[in-house]
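Chemist: In case you want the letters, here they are:
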Amino acid sequence: MKLTVWTYEGPPHVGAMRVATAMKGLHYVLHAPQGDTYADLLFTMIERRNHRPPVTYTTFQARDLGSDTAQLFQDACRDAYERFQPEAIIVGASCTAELIQDDPGGLSELMGLPVPVIPLELPSYQRKENFGADETFLQIVRRLTKPAERTERVSCNILGPTALGFRHRDDITELTALLYDIGVDVNVVAPMDATPTDITRLGAAHFNVLLYPETAESAARWLQRECDQPYTKTVPIGVGATRDFIEEVATITGLPCRADESRLRLPWYAQSVDSTYLTGKRVFIFGDATHVRAAARIARDEMGFEVAGLGCYNREFAKGIRSLAREFGVDALITDDYLEVEQAIEALQPEMILGTQMERHIGKRLGIPCAVISAPVHVQDFPARYSPQVGFEGANVIFDTWVHPLVMGLEEHLLHMFRDDFEFHDAAGPSHHGGHAPANSETAPPAHSEPARAAPSGPAEIIWLAAAERELKKIPFFVRGKARRNTETFAQSRDLQEISVDTLYEAKAHYAR
Amino acid sequence: MTAPAPLSGGGCRTAPVLKERGQREVFCGLTGIIWLHRKMQDAFFLVVGSRTCAHLLQSAAGVMIFAEPRFATAILEEGDLAGLNDAHDELDREVARLLARRPDIRQLFLVGSCPSEVIKLDLSRAAERLTEAYAPKVRVLNYSGSGIETTFTQGEDACLASMVPVLPATDRRELMVVGALPDVVEDQMLGLLAEMGIENVRCLPARSITSDVAVGPNTVFALNQPFLGDTCGALERRGARHIPAPFPFGEAGTTAWLRAIADEFGVSDAAFAAATDAPRARAARAIAQASENLKGKSVFFFPDSQLEIPLARFLTRECGMTAIEVGSPFIHDAIVGPDLELMEAGPVISEGQDVDLQLDRARAARPDLTVCGLGLANPLEAEGLTTKWAIELVFTPVHFYEQAGDLAGLFSRPLRRKGLISGLSPRLEAAE
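For the protein sequence lines, the chains are A and B, in the order given. For the first sequence, counting from 1, position 386 maps to 386 in this note's numbering; every step adds exactly one. For the second sequence, counting from 1, position 393 maps to 906 in this note's numbering; every step adds exactly one.
Note that these hints are calculated values from the structure, not bench results. Please note that the accuracy of each hint is not assured.
Facing chain A, from chain B, some residues (calculated, C-beta under 8 Å) [to be verified]:
1. Q571
2. A587
3. I588
4. E590
5. E591
6. D593
7. G596
8. E607
9. I661
10. E662
11. T664
12. V726
13. G729
14. V733
15. L887
In this text, a Cβ means the ideal position worked out from N, Cα and C, and glycines have one as well.
Throw the hints in and build the complete structure from the sequences for me.
Modeler: Here it is in structure tokens:
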């Protein structure tokens with residue numbers, strides 16, 4: 001038993017729903033009690049989809065348990081086929097149905113439906129949402145993909161985009177354009193927008209682009225083995241990664257692969273002087289492994305940030321993230337417990353968080369700006385505008401998204417100039433947030449400021465003398481937390497019990513960079 | 514003035530009920546935790562379930578409440594199911610940890626889920642054992658919010674019913690009002706009753722465990738929510754008597770509800786009028802204003818919270834709408850009968866659900882307004898129907914006079930909005 005408050009991933013059948021909902025002409029018959037239908041709203045509300053997910057729930061109740069839930073399943077399966085006339089059906093059980101062991105796969109096989117019926121085995125008490133999506137997609141591919149003659153022109157499949165994914169909709173558009181630009185056709189995008197018939201044609205591509213390893217790595221490996229299709233290892237998020245990706249495609253295809261970079265703005269924006277203030281900003285990165293890997297590289301090599309810590313919630317990718325962390329000289333945080341993530345962030349006091357919707361909430365609580373880089377995300381992270389993450393336009397979008405929560409360079413300059421102005425008080429927060437964003441530590445809960453005051457592990461609490469405390473208040477709010485932390489660390493390292501104004505400036509000189 | 518008179522012929526109460534069974538597009542009873550934990554601020558709700566339960570709780574609220582919520586899920590793992598671990602030991606360990614971390618918790622609810630019910634994990638035994646261990650500081654109760662037994666608001670019913678057996682006994686002649694209301698609305702209600710001279714009103718659930726709610730043969734109780742059938746039965750078993758009434762939605766509903774209580778306590782017409790005339794007039798004015806674009810429009814209710822019948826009564830009697838179908842997960846005649854009697858016969862009254870068949874009926878009827886769950890709202894909007902998502906009716910203060918206008922507004926806003934943006938797209942049909 002494990003106590004859980006908020007979860008990064010749903011159960012594995014939600015992963016299967018992400019695949020089914022992304023596809024067309026596929027139907028999912030899910031053996032599940034009433035209530036499991038809540039999952040529909042993830043798609044219709046959070047992602048604003050205008051269709052119900054193609055899922056039929058058998059909706060068994062307690063009184064059915066003694067009688068025939070198997071019959072209920074077969075009826076639901078037959079009704080679903082007759083009503084929706086799908087090209088293929090996937091069948092499976094949610095956590096409760098798994099316990100009653102009705103074997104949806106076997107039951108549906110006996111029914112002799114005239115379309116392929118693909119059984120899913122998704123162990124609800126061991127695995128989670130991403131596994132569910134990956135496994136579902138693998139089973140669909142295994143069952144439907146046939147060996148096929150390669151297309152005449154060089155082509156690839158794009159594997160991985162699902163419903164509820166972070167910017168998957170726009171990533172497909174951007175990546176398809178990029179591939180076209182370098183001379184590669186897209187044969188099939190899957191699961192998103194693919195029909196079961198499209199899946200049968202996967203084998204015609206020359207290679208696969210594995211866009212999101214979380215949801216498609218198993219399928220990519222299977223296709224490599226069975227259809228002799230190599231797949232790309234670099235996920236083209238960020239300038240460097242996109243260039244590496246293009247190189248990888250060139251190696252696979254033997255094409256020259258020259259991309260048009262004329263619309264790429266991130267390098268110049270990062271170089272322009274307003275961005276100087278970004279230098280060495282300490283960021284904490286957390287999310288799914290793919291987006292964390294991409295974000296870490298962008299943060300350090302393209303934005304000039306300092307990566308203060310990183311981690312991922314999907315344990316399947318822990319090994320890769322651990323070695324990434326070593327490369328960045330930090331410890332990897334591999335956990336799906338948001339309280340642990342909150343603790344890590346509280347201890348590190350980064351200047352910005354790059355995370356999921358959970359980290360955005362943590363950031364709100366701790367008064368630390370946050371930009372969202374990975375699922376799970378909420379309704380505002382499915383924007384109306386085009387906003388991909390991959391490719392060169394993706395890099396532009398990322399620059400804007402990451403800079404937005406911060407006080408901008410010119411604004412920082414003005415803050416220094418006007419900091420004693422009565423209209424320009426700390427609590428105003430960044431002006432582009434309408435002056436309503438709580439930026440002052442006074443609005444943050446005490447949980448935030450308390451540990452910062454007591455030295456974390458020192459033998460005795462370090463006391464701030466009144467004059468030093470007053471001096472600290474004169475420091476602009478957006479660097480005050482860092483100043484407080486640095487000063488305390490400095491005092492602790494010198495075995496000081498008290499912090500005076502001198503200590504404050506000694507520390508400032510010590511940490512100057 | 515008197516409460517509205519029932520229609521001749523029993524209104525909808527004598528109409529045949531269309532009973533359906535099939536796929537249900539509803540939440541399970543765990544969802545009630547979202548508002549119950551806000552109401553009882555010294556209570557913690559520990560769901561013993563699966564990752565799905567935890568995921569439901571964070572998804573159903575629409576947003577996550579990050580001020581360290583007073584609910585959590587103890588997720589059953591492979592070892593718990595395979596009998597490798599003693600689930601009761603595991604539960605004791607998690608509870609010990611939880612109570613150590615949260616010394617402010619005085620009531621702990623162990624909430625059963627589909628998986629815990631299927632593996633027959635006996636949470637009542639666990640609750641007894643834990644009560645012994647933590648008494649008198651913490652009281653531990655259990656109920657089931659599982660989807661195989663409860664639909665959405667039935668979770669609150671199960672929770673309140675679990676509290677009834679442990680209420681102290683009393684012989685006092687007292688009124689108990691049952692059902693969780695937002696504090697501000699509860700205070701309005703208590704104010705109205707006090708003005709009529711009805712004092713010492715007890716509320717279930719109380720805001721904290723220290724309040725002296727008791728029950729006995731001289732207790733009379735009124736329900737302010739229609740989904741409290743089990744709680745009603747549990748109170749009757751303790752000797753209390755139910756005051757049947759229409760539910761306090763809108764001006765007429767609130768008046769009828771208060772009138773039933775006033776009659777029970779022998780409140781004079783003058784005292785009743787003195788307490789209610791002003792807020793009644795205010796409510797009537799607010800409804801008239803907010804329901805202007807509801808008049809003559811048709812409404813179709815998908816089953817969701819069991820509030821459907823009282824709300825359909827409000828919309829048809831007080832806002833000038835016609836009902837096409839009023840679907841409810843369950844219909845307790847003893848509880849919603851008074852509301853059914855106030856509704857003109859005509860609409861289909863349906864109980865249970867086969868969602869695909871019901872969608873067919875809604876598409877054929879093309880109602881002006883469809884009240885449905887979050888899973889259906891956007892898809893129906895995309896088909897050109899105008900919808901009101903039902904969960905808001907449970908999360909928003911809508912009871913009694915001062916909220917009557919807001920309640921009408923919840924229904925009229927989608928229609929008004931559709932009218933405002935009708936020029937945008939040929940696929941969006943104008944409300945008019």
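Chemist: Out of the numbered hints, which ones does the structure contradict?
Modeler: 7, 12, 13 and 14
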